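There are 4 protein chains.
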Amino acid sequence: MLRFLTAGESHGPCLLAIIEGLPAGLPLNVEAIDRELWRRQQGYGRSHRMKIEQDRVEVLSGVIRGVTTGAPVALRIENRDWANWKEKWEQNLLEPLTVPRPGHADYAGMVKYRLLDARPILERASARETAARVAIGAIAKQLLAQFGITIGSYVCQIGSVVANIPPHSYPELWKAAEASEVRCPSPEDSERMKNAIDEARRARDTLGGIFEVQALNVPIGLGSHVHWDRRLDARIAAAIMSIQAIKGIEIGPAFENAGLPGTQVHDDLYLSENQTVIRTTNRAGGIEGGMSNGNPIVVRAAMKPIATTGTPHQSVDIVNLHAATPIYQRSDICAVPAASVIGEAMLAWVLAEALVEKLGGDSLEEMRR
Amino acid sequence: MLRFLTAGESHGPCLLAIIEGLPAGLPLNVEAIDRELWRRQQGYGRSHRMKIEQDRVEVLSGVIRGVTTGAPVALRIENRDWANWKEKWEQNLLEPLTVPRPGHADYAGMVKYRLLDARPILERASARETAARVAIGAIAKQLLAQFGITIGSYVCQIGSVVANIPPHSYPELWKAAEASEVRCPSPEDSERMKNAIDEARRARDTLGGIFEVQALNVPIGLGSHVHWDRRLDARIAAAIMSIQAIKGIEIGPAFENAGLPGTQVHDDLYLSENQTVIRTTNRAGGIEGGMSNGNPIVVRAAMKPIATTGTPHQSVDIVNLHAATPIYQRSDICAVPAASVIGEAMLAWVLAEALVEKLGGDSLEEMRR
Amino acid sequence: MLRFLTAGESHGPCLLAIIEGLPAGLPLNVEAIDRELWRRQQGYGRSHRMKIEQDRVEVLSGVIRGVTTGAPVALRIENRDWANWKEKWEQNLLEPLTVPRPGHADYAGMVKYRLLDARPILERASARETAARVAIGAIAKQLLAQFGITIGSYVCQIGSVVANIPPHSYPELWKAAEASEVRCPSPEDSERMKNAIDEARRARDTLGGIFEVQALNVPIGLGSHVHWDRRLDARIAAAIMSIQAIKGIEIGPAFENAGLPGTQVHDDLYLSENQTVIRTTNRAGGIEGGMSNGNPIVVRAAMKPIATTGTPHQSVDIVNLHAATPIYQRSDICAVPAASVIGEAMLAWVLAEALVEKLGGDSLEEMRR
Amino acid sequence: MLRFLTAGESHGPCLLAIIEGLPAGLPLNVEAIDRELWRRQQGYGRSHRMKIEQDRVEVLSGVIRGVTTGAPVALRIENRDWANWKEKWEQNLLEPLTVPRPGHADYAGMVKYRLLDARPILERASARETAARVAIGAIAKQLLAQFGITIGSYVCQIGSVVANIPPHSYPELWKAAEASEVRCPSPEDSERMKNAIDEARRARDTLGGIFEVQALNVPIGLGSHVHWDRRLDARIAAAIMSIQAIKGIEIGPAFENAGLPGTQVHDDLYLSENQTVIRTTNRAGGIEGGMSNGNPIVVRAAMKPIATTGTPHQSVDIVNLHAATPIYQRSDICAVPAASVIGEAMLAWVLAEALVEKLGGDSLEEMRR
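Top to bottom, those sequences are chains Y, W, L and C. Position one of the first sequence corresponds to residue 1 (full-length UniProt numbering), numbered consecutively onward. Position one of the second sequence corresponds to residue 1 (full-length UniProt numbering), numbered consecutively onward. Position one of the third sequence corresponds to residue 1 (full-length UniProt numbering), numbered consecutively onward. Position one of the fourth sequence corresponds to residue 1 (full-length UniProt numbering), numbered consecutively onward.
Isolated chain Y, as found in the complex (with noise of 0.2 Å):
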């Protein structure tokens, strides 16, 4: 069974994770990992800070020669930005954040932990975490490409800039959206959603936006449906929303599904000319029944605009019970791009689950029997 745990703070020395239960005899690219690190800091209309954080791991544990060895895998990523920090909170230079910010974690917070203060909030809700979670995912990805299974992203929406997705193969969106600095293969709407993002830093505003996960030549019957919390669409729906500022998933497009009869929306199967049974649509996102079922696996996320906005919002002082607004601490007009590598990195972490599930998970060599 795999598990892991994070930990850091977005202004603490570093961000953790120990992942336990990889398999023994995988062997593990690093230089692949920070690749994966590098794709989540990119992205039009992000702030200062990604270049402050040019992300590298460390591996500390559980890979001996290159290979890991059945032991937990801790990684380590280094925050630069704790240089800038490490004085202020050691000399207490900095003051308690006492009017909660709308749209963050800060009032549920800082009344669940007690807090008058809503900066060790924060400082752990902070979407800087995710950093940890694409290491992990960027393992999980290694993993899953010994099977074959592939898993890349696109960006479709940007706040009201809907894409055009052009009629190509996964793979060829996949490198098409590398290539944009918003994610989104097509050209011309890359173009619009930057335009779009340049507006909304103008207008001292945030974007948010819909981003696309597929994972391709997943084996059939991951997840199952005999238990509801063993379903592998109720697990990625979890993995999905549980990224910062996601608030809507669906598996394939559901929403539109909804609205259709249902001899549009089922998939039927038919016989390839070497007799494997096959699909010609995927309107199910490769779910059925709780289970893939061979085609691709297609997950569609929604993001909320950034919280922080130029503009600023209402909020009271939780200490002196004043109306106030809140500190702006300069912050990304849109982080959808990024948010797409992430979900990537949450997608190859439940399949990989599911395939250890399903394989049982001592060696990659055993896996493979």
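Calculated directly from the structure, the hints in this document are not laboratory data. Note that the structure is predicted; figures quoted are calculated from it, not measured. Mixed in with the good hints, there may be bad ones.
Identical chains blur together in the list; that is why a pair holds if it fits in one copy or across any two.
[Stated by the list, open to error] Listed below are the simulated SDA-like cross-link pairs for lysine to any residue, each with C-alpha atoms no more than 25 Å apart in a straight line: (1) K194 x S47; (2) K88 x E172; (3) K88 x V67; (4) K86 x E58; (5) K86 x Q41; (6) K86 x E31; (7) K86 x R56; (8) K88 x L28; (9) K86 x V59; (10) K194 x N217; (11) K175 x W82; (12) K86 x H11; (13) K88 x R65; (14) K194 x W38; (15) K88 x P27; (16) K175 x I327; (17) K175 x T325; (18) K88 x D332; (19) K88 x I64; (20) K86 x R119; (21) K175 x Q142.
Mind docking chains W, L and C on chain Y? Use the hints.
Chains W, L and C alone, transformed into the frame defined by chain Y:
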């Protein structure tokens, strides 16, 4: 820590559930459980079977003198249809189903479990199983009610008919939904929905739709931002997505929010006249940073059309590898109203879990301390 | 991942269990489950009740045409005593038990669950619950048997009578134990044990003892050294210690080994004539580094004497705070033979869990690939 | 719900731990963690390495201004030996260990993980890993201390030397144990134990032994009788058995109790002068029905002798299949005193887990309500 398992086939003797971790001292209202089971069985466009199965729960353990003891609570719901099936099973009169039905678990399940008969798959994949979950959810609701938390739902869309939800309070909308054969709080839209269902029946087709579930008076701080798998929205997403035929979920109007600028999305905080922190909007759907924020929790779910359509889908006989059409078993035309009741149950479960985690769970008395 | 929940009170209508995660394709022998239930009910020195309850299992789900389907398997064991208790419960004829019995869960349970009546506690704390676990274990045994793994047990000590275990193979010892009324493979010691039990009865006292459970042909590498909670010995320790009245456990002769030098304890490895690695000793009890090492797994457990003694213990009435003696309910004099059968069930469970983790668990066929 | 993962190899750069689920508001004393790490490193009969590794913990997350925030707490303990090993690993100077050492994880681990080198196994199987657990346990102790719960331990037996524990209070015995090089509260027996260790060293042999851990002031009702895996004794058994080289465990004098009649074993209840319920004996070791009963929790553990003996064991070269003796790496002669400190840590962990389950765990303030 609350947990449950369910068991039972659609045409087996019964459905069973065991709930472990309920606090002692909760008075259990069995009629209220039956009332929820009844609600699940309603809805315009249901099949004949709903009349056969007038579900009643038996509480087999964990309750003494009408009050929970802290021991596991076992629930049994008889399958009244069993009388008609017992002989067929026992005398082996049921031919294997070798043609998987598109949109169902059949194909993926047969491959996963290495079966040449879809029957064992569909017996468990059937939404009949949700009767057990509704009973479990009814108990969760009774626990939540002890803390003033209430849950309700209504249908927003059936097929292409999108309801115009009147600007009433949630309790009023719930009441109106109870009076509607399609659980839609707008009487005119209810009629339109029924017409759409009638039309689909005539066209030998089926319909899906969208429902919304709300929880009121949820304390601030259920769930947590500190780790991905503790986020309340992630857990709700999994629970709702785990309902048969649900393929999309959003917390609040998430897909709409994705297209709006941040200044129009995030819910400002204000001081009320009596100096408490309030909001006047709820676009976040009651959750920020993975925690309940004191606003109503609002969950919307997209249901695909019923997969069994009168107009046959194309498929393949898995045994002899010929194109074939699946056997048609009479089925519902639309089950969105029932799904909204199941959605209430699953939301109730997740909130009960989170409440017990927050307050500890040995006894109701201690939870309330 | 295998998991189970049980439910049911000692004097309620039934015991129930749901097992989730069994592979599909396992032929289920129901008579063999009943045989295990029967074994649990044997033993010299048991009370009258054992004759009332001739346990039979009903398999209510998860099995079609005699074979598991991958769906949850629900088991029901009727409490035949229920007929005698139903009226008492329903007409509220049972007075609260306000004097907790030393050695039982009564006092701690009343405080934990804030009850002024021990009855709800003892109803669930009773070892009657283990009938459900024995049924579960019987299924685990059937799964293990598919991989050649067998499990048996015998009694080593009752009260102060320590058996002299003859130097026979485990299967021979198991056979001898089945023929003994106290499950002791030495006929002479069996007689001494029965005499001790008779004597204890006359003295209005009770006896505990020690039993040993063994598993043969366990593949190397179940469990893992890589994380504390995956160690096979840790998991076995929990499973055996969870049996009512078990207070001590050792893997192999651990307490004796603790007093010996290392050169006399560790089991050397040798090459057999056909070039396989073998051992000629098994002081490790079949586990090294938290993993099965290919030798028989040998678990010894210490059971305290039955807590309900004819000679009354001193206690306190919790309601009126006076010294008092608990009501005496007729009880067993010694239950060590039954406990050894329960020990087999729990060991079988842990090994089945670990086997499914190692091999994956969708179907028996895939596990065997 | 509290949980943790550890990572790290014996000769890698560091050990790491992430603890998730700690309540907010707990002041963390880092020096007290280091003090526990120091205690783990003491003990007559330890190897040279204990002097190299003067362990210090770094707290990398989850604590702001000295107080927990509710976020995961990450701990790092440097392996000072790393400097000596880094080059060897990186330049691949370490030859594979192909001869598994009897009594270690080597053989089972190589088979499980399909390795022809024992090194990756022993790196993780080494008891060096317990430094991480001791740090975790030190934090658990600090949480427990907020509720008045204290934990200590002493050594009862080393090799064949059984200590005569003086009839003092536990705090007095703990104090005496701290003053002893073998953690034995009897000065005369401490000397005999040291002599036994010296003798074993001369004989190129090793010793095991027995230690006892106690927890005082534990509230009544941690754990539960209602389900097997919630029993406090089962969870303690797993936690203690998971310590390297521990093979036996008992709650109270369980193996002795197994030979006594019930009237001499169970702890009567009495009224104290101030009308509270008390006991004058504690043969149950503080647990009845799987729950803490208000008495001290007393856990005894049997440790096997150190597996690496100067006198070589017989083994087999797994690669060339010849009889061989393993390479001898200098090792401890006896580690029972250290194991007793680790036992404290694991007991503290289980009690902290159970306390958070009982009281809820968002903040210390809320736990105390």
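Going through the hints against the structure:
Taking the shortest alpha-carbon separations for K194 and S47, only the intra-copy value of 14 Å comes in at or below 25 Å, while the best inter-copy value is 51 Å. For the homomeric pair K88 and E172, neither the shortest alpha-carbon distance inside one copy (47 Å) nor that between copies (44 Å) is at most 25 Å. In this assembly of identical chains, the alpha carbons of K88 and V67 lie at most 25 Å apart only when taken from different copies (16 Å versus 40 Å within one copy). When the C-alpha separation of K86 and E58 is checked against a cutoff of 25 Å, the pair qualifies both within a copy, at 21 Å, and between copies, at 14 Å.
Proximity of K86 and Q41 under a CA criterion of 25 Å is satisfied intra-copy only: 23 Å inside one chain copy versus 31 Å between copies. Taking the shortest alpha-carbon separations for K86 and E31, only the inter-copy value of 20 Å comes in at or below 25 Å, while the best intra-copy value is 28 Å. For a Cα distance limit of 25 Å, the shortest separation of K86 from R56 qualifies both inside one copy, at 20 Å, and across copies, at 20 Å. In this homomeric assembly, K88 and L28 come within 25 Å of each other (Cα to Cα) only across copies, at 20 Å, whereas the closest approach inside a single copy is 37 Å.
For a Cα distance limit of 25 Å, the shortest separation of K86 from V59 qualifies both inside one copy, at 24 Å, and across copies, at 14 Å. For the identical chains of this complex, K194 and N217 are neighbours neither inside a copy (33 Å) nor across copies (41 Å), given an alpha-carbon limit of 25 Å. In this homomeric assembly, K175 and W82 never come within 25 Å of each other (Cα to Cα): the closest approach is 34 Å inside a single copy and 42 Å across copies. Taking the shortest Cα distances, K86 and H11 sit within 25 Å of each other inside one copy (8 Å), while across copies they are farther apart (30 Å).
In this assembly of identical chains, K88 and R65 lie within 25 Å of each other by CA distance solely across copies; the values are 11 Å between and 40 Å within a copy. For a Cα distance limit of 25 Å, the shortest separation of K194 from W38 inside one copy, 20 Å, qualifies, whereas the shortest one across copies, 53 Å, does not. Only between protomers do K88 and P27 lie at most 25 Å apart by alpha-carbon distance; the minimum there is 20 Å, versus 41 Å within a single protomer. With identical chains, the CA atoms of K175 and I327 are never at most 25 Å apart, being 40 Å at best within one copy and 43 Å at best between copies.
Taking the closest pair of Cα atoms, K175 and T325 never come within 25 Å of each other, the shortest separation being 43 Å inside a single copy and 39 Å across copies. In the homo-oligomer, the alpha carbons of K88 and D332 lie at most 25 Å apart inside one protomer (23 Å), although the nearest pairing across protomers, at 45 Å, exceeds that limit. Within a single copy, K88 and I64 get their C-alpha atoms only as close as 38 Å, which misses the 25 Å cut-off; across copies the closest is 12 Å, which meets it. Proximity of K86 and R119 under a CA criterion of 25 Å is satisfied intra-copy only: 15 Å inside one chain copy versus 39 Å between copies.
Taking the closest pair of Cα atoms, K175 and Q142 come within 25 Å of each other only inside a single copy of the chain (19 Å); across copies the shortest separation is 51 Å, beyond that limit.
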